[in-house]
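Novice: Can you build the whole structure from these sequences, using the hints too?
In terms of this note's numbering, the sequence shown opens at residue 5 and continues consecutively.
I should point out that these hints are in silico values taken from the structure, not numbers from a laboratory. A hint or two may mislead.
Quick list of simulated restraints, FRET-style, between CB atoms [what the hints assert, rightly or not]: (1) Ala38 with Ala81: 23 to 31 Å; (2) Thr8 with Gln44: 38 to 46 Å; (3) Glu35 with Ser9: 37 to 45 Å; (4) Gly69 with Asp101: 29 to 37 Å; (5) Asp101 with Leu72: 33 to 41 Å; (6) His70 with Ala38: 35 to 43 Å; (7) His70 with Pro46: 29 to 37 Å.
Where a beta carbon is used, it is the ideal one built from N, C-alpha and C, also for glycine.
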Amino acid sequence: MPGTSFTELLASVKAEVDGELVAIWDAVLREHAARGAPVQRPLEAASALCSRGGKRLRAALVVVGHRLGGGDGGVLAASCAVELLQSYFLIHDDWMDGDRL
Numbered sequence: 005m006p007g008t009s010f011t012e013l014l015a016s017v018k019a020e021v022d023g024e025l026v027a028i029w030d031a032v033l034r035e036h037a038a039r040g041a042p043v044q045r046p047l048e049a050a051s052a053l054c055s056r057g058g059k060r061l062r063a064a065l066v067v068v069g070h071r072l073g074g075g076d077g078g079v080l081a082a083s084c085a086v087e088l089l090q091s092y093f094l095i096h097d098d099w100m101d102g103d104r105l
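Specialist: Okay, structure coming up:
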């Protein structure tokens with residue numbers, strides 16, 4: 005998208021990534037629904053953390069890097085992976101610190 009400002013790109017990427025993350029988590033929750041609360045509750049908590057949103061700056065930077073490298077599409081999965089990895093880092097950090105919330 006030549007001529008697109010970073011602010012416009014960020015809004016576009018945020019909308020796409022947010023929608024895809026909802027679909028990913030819905031599928032994960034459905035897949036593990038029969039395993040009961042000990043599995044479902046942590047997954048729901050992780051899903052809620054990812055769904056809080058934010059600016060999705062990391063995902064937008066993945067798109068920018070992809071475009072600078074000559075790519076012209078197909079980067080949504082990588083953008084979502086970066087957001088999921090960041091959520092994991094936040095969860096792991098809280099677990100290692102012994103945080104209760």
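Novice: Of the hints stated earlier, which fail here?
Specialist: Every hint satisfied by this model.
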